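Student: Use the sequences and the hints to build the structure in full.
Heads up: the sequence lines are chains A and B, in that order.
FYI, in my numbering the residues of the first sequence are 33 to 211.
FYI, in my numbering the residues of the second sequence are 68 to 444.
Quick caveat, the hints were computed from the structure, so don't treat them as lab data.
It should be emphasised that the depicted structure is a prediction, and the values quoted were computed from it without experimental measurement.
For each residue, glycine too, the CB sits at the ideal point set by N, CA and C.
Among the hints, a few may not be true.
To be verified - Just so you have them, the derived chain A footprint on chain B, three or more residues with Cβ under 8 Å:
1) 234-242
2) 341-348
3) 427-437
Said to hold, decoys possible - Sample of chain A residues facing chain B (criterion: CB under 8 Å; computed from the structure):
4) H51
5) I90
6) H91
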Amino acid sequence: MLELRINGFGGQGSVTLAHLLAQAALENGQQGQALPFFGVERRGAPVRAAVRISPTTIHAHSQCDLPDYVVVMSEKLITAAVLEGINESGSVIVNAPKAVMVQNYPTWQIDADSIAREKGLFSADGPMINIPLFGAVCRVLNIPQNIMEQTILNKWPGNGKYNLAAAVEAYNTVTQIAR
Amino acid sequence: MKAAVQVRMETGAYAAALAAKYARVDVVPGYPITPQTSIMEAVAAMVENGELHARFIPVEGEHSVLAAAVAASAAGARVFTATSANGLLYMHEVLHMASGGRLPVVMCNVNRGIFAPWTLWADHQDSFAQRDTGWIQYHCSSNQEVFNTILQAYRVAEQINIPVMVNFDGFAISHCLMPLTLPAQEDIDRFLPPFEPEWRLDPAHPSSFSNVTMAEDYAPFRQMLSEDILAAIPLVKQAAQEYREITGMWDGDTIDTYRLEDAEVVVFAINSMAAELKLSVDILRDEGIKAGLLRPRLYLPFPAEDIIQALPKNAQVMVLDRNYNFGHPGGILAAELKSVLFGRRNDITVKNRVMGIGGVDLTRRFMANEIKAMIDE
Numbered sequence: 033m034l035e036l037r038i039n040g041f042g043g044q045g046s047v048t049l050a051h052l053l054a055q056a057a058l059e060n061g062q063q064g065q066a067l068p069f070f071g072v073e074r075r076g077a078p079v080r081a082a083v084r085i086s087p088t089t090i091h092a093h094s095q096c097d098l099p100d101y102v103v104v105m106s107e108k109l110i111t112a113a114v115l116e117g118i119n120e121s122g123s124v125i126v127n128a129p130k131a132v133m134v135q136n137y138p139t140w141q142i143d144a145d146s147i148a149r150e151k152g153l154f155s156a157d158g159p160m161i162n163i164p165l166f167g168a169v170c171r172v173l174n175i176p177q178n179i180m181e182q183t184i185l186n187k188w189p190g191n192g193k194y195n196l197a198a199a200v201e202a203y204n205t206v207t208q209i210a211r
Numbered sequence: 068m069k070a071a072v073q074v075r076m077e078t079g080a081y082a083a084a085l086a087a088k089y090a091r092v093d094v095v096p097g098y099p100i101t102p103q104t105s106i107m108e109a110v111a112a113m114v115e116n117g118e119l120h121a122r123f124i125p126v127e128g129e130h131s132v133l134a135a136a137v138a139a140s141a142a143g144a145r146v147f148t149a150t151s152a153n154g155l156l157y158m159h160e161v162l163h164m165a166s167g168g169r170l171p172v173v174m175c176n177v178n179r180g181i182f183a184p185w186t187l188w189a190d191h192q193d194s195f196a197q198r199d200t201g202w203i204q205y206h207c208s209s210n211q212e213v214f215n216t217i218l219q220a221y222r223v224a225e226q227i228n229i230p231v232m233v234n235f236d237g238f239a240i241s242h243c244l245m246p247l248t249l250p251a252q253e254d255i256d257r258f259l260p261p262f263e264p265e266w267r268l269d270p271a272h273p274s275s276f277s278n279v280t281m282a283e284d285y286a287p288f289r290q291m292l293s294e295d296i297l298a299a300i301p302l303v304k305q306a307a308q309e310y311r312e313i314t315g316m317w318d319g320d321t322i323d324t325y326r327l328e329d330a331e332v333v334v335f336a337i338n339s340m341a342a343e344l345k346l347s348v349d350i351l352r353d354e355g356i357k358a359g360l361l362r363p364r365l366y367l368p369f370p371a372e373d374i375i376q377a378l379p380k381n382a383q384v385m386v387l388d389r390n391y392n393f394g395h396p397g398g399i400l401a402a403e404l405k406s407v408l409f410g411r412r413n414d415i416t417v418k419n420r421v422m423g424i425g426g427v428d429l430t431r432r433f434m435a436n437e438i439k440a441m442i443d444e
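Tutor: Written as structure tokens, this is what we have:
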């Protein structure tokens with residue numbers, strides 16, 4: 033069972049990202065689970081969501097306290113996200129404009145803000161970074177690109193063009209940072 | 068014979084709403100309360116878009132929800148509703164009306180800790196506080212089990228005219244997106260034929276219902292209710308077995324077990340924590356501790372004989388309660404278990420801890436460590 037935790041700010045689309053990843057797992061012939069933590073929601077407050085992927089039935093129903101992957105939606109959250117817990121052999125996927133290494137953890141970096149802006153994915157709240165992050169995380173987890181694309185098209189039938197472009201761009205540009 | 072099935076990603080709350088649709092319910096009174104609200108929203112949307120041919124009745128509070136449910140059931144309708152925590156407490160008086168009136172309402176309670184202070188997250192004080200209302204109570208540990216159990220609950224309720232509460236954890240199940248297997252509607256129609264009450268309120272044939280009774284009538288009514296609740300146990304088993312024959316799905320009947328046969332340490336718990344505990348049992352087994360799990364799926368009637376039969380000889384039973392038994396040390400499940408073991412299984416040792424109150428996160432590692440600490444106590 034692979035466990036992943038998303039750490040973000042309210043309004044960045046962490047719940048939708050968790051749902052997309054669990055859905056992609058199912059599309060990929062596996063079991064998926066998205067378990068967002070719902071607190072007293074406030075835009076801008078720290079939020080988190082658990083995602084699990086497994087070839088067999090998932091029995092876990094707790095938040096991921098020691099995940100194999102931590103997805104950090106904003107550079108500002110790196111310290112807090114890692115402090116919240118990570119498997120000692122875990123990896124970190126960070127949304128950041130430039131290369132960043134998170135302690136000694138294998139780190140992947142994606143500039144989701146720029147991709148979202150370039151592809152026209154933004155609302156009054158700012159760029160919709162969860163879509164490029166979905167593409168990036170799929171790449172890191174070795175979820176095939178066609179499964180990733182199909183998941184987006186199924187989620188927004190007939191209306192996934194911008195989402196698809198942003199996710200594909202991120203899928204192909206997410207970078208593992210050299211130590 | 069299994070017909071075509073479909074697998075979709077759904078939350079536990081939506082699984083509950085889908086079960087109501089598959090049960091072809093006639094009337095759904097509703098009032099919002101977190102974390103149940105998404106069930107009533109989903110049912111209301113299904114009624115609005117014509118997916119479900121039912122009457123949705125929005126009312127001003129939970130007392131009225133159950134009053135409307137009771138009235139519709141007495142008029143011969145198949146009724147569904149859902150609530151949580153203080154909403155359930157506000158229904159308390161009408162819960163007795165449903166069971167005493169022998170009305171087979173099925174209601175979801177999405178478990179949430181009780182005010183005060185306010186909390187949104189799961190514990191089991193709300194459903195356990197309704198122990199003496201004469202309702203049958205299931206407790207479920209997965210999204211799929213929620214769906215399956217609601218359909219089984221209608222079967223049982225309508226066979227013996229007793230209302231059934233289907234409980235599951237707020238957020239950990241209700242807002243958890245998981246794969247859900249949907250059987251073919253025609254298979255469910257075979258499992259659960261339309262509700263044909265023996266009796267109904269009908270304006271064309273006026274009659275009185277639930278009038279004042281003298282002791283010589285009241286006492287036999289109450290005795291019948293007490294005996295009939297116990298008679299639900301074979302019906303619960305039959306419903307689970309026939310559901311398996313038709314859909315191929317199985318969540319246990321009155322109990323569910325995991326690695327129990329040769330267990331020396333038996334963990335006893337309900338709801339989503341019991342699912343996570345399967346992983347704790349694996350951790351303990353890897354460390355050389357012969358652990359197993361016994362999960363009562365049915366809390367009321369308490370499946371005493373099945374528990375007595377299932378427990379291995381000389382087992383230490385670790386009861387993990389997500390509730391308090393105020394006035395006594397520990398939790399309510401431990402007290403229930405001890406009362407059925409007394410004089411029947413003197414070889415069993417029972418230990419108890421309360422945890423997870425108000426949604427405190429219960430991880431597999433935390434619970435495995437708690438169990439290890441209990442062994443040494």
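Student: For every hint, state whether the structure bears it out.
Tutor: Tested hints:
Counting residues of the stretch 234-242 of chain B whose C-beta sits closer than 8 Å to any C-beta of chain A gives 5, which meets the bar of three, so the coverage hint holds. Chain A is given as covering the stretch 341-348 of chain B, and this holds because 4 residues of the stretch bring a CB closer than 8 Å to a CB of that chain, at least three being needed. Residue count for the stretch 427-437 of chain B with a Cβ under 8 Å from a Cβ of chain A: 5. That meets the three needed, and the coverage hint holds. Below 8 Å, beta-carbon pairs count as interface contacts, and H51 (chain A) has one with chain B at about 6 Å; its hint therefore holds.
Look at I90 (chain A): its Cβ gets to within about 7 Å of chain B, closer than 8 Å, so that hint holds up. Checking H91 (chain A) against chain B by beta carbon gives a least distance of about 4 Å; that is within 8 Å, so the hint holds.
In terms of the numbered hints stated before, the structure departs from none.
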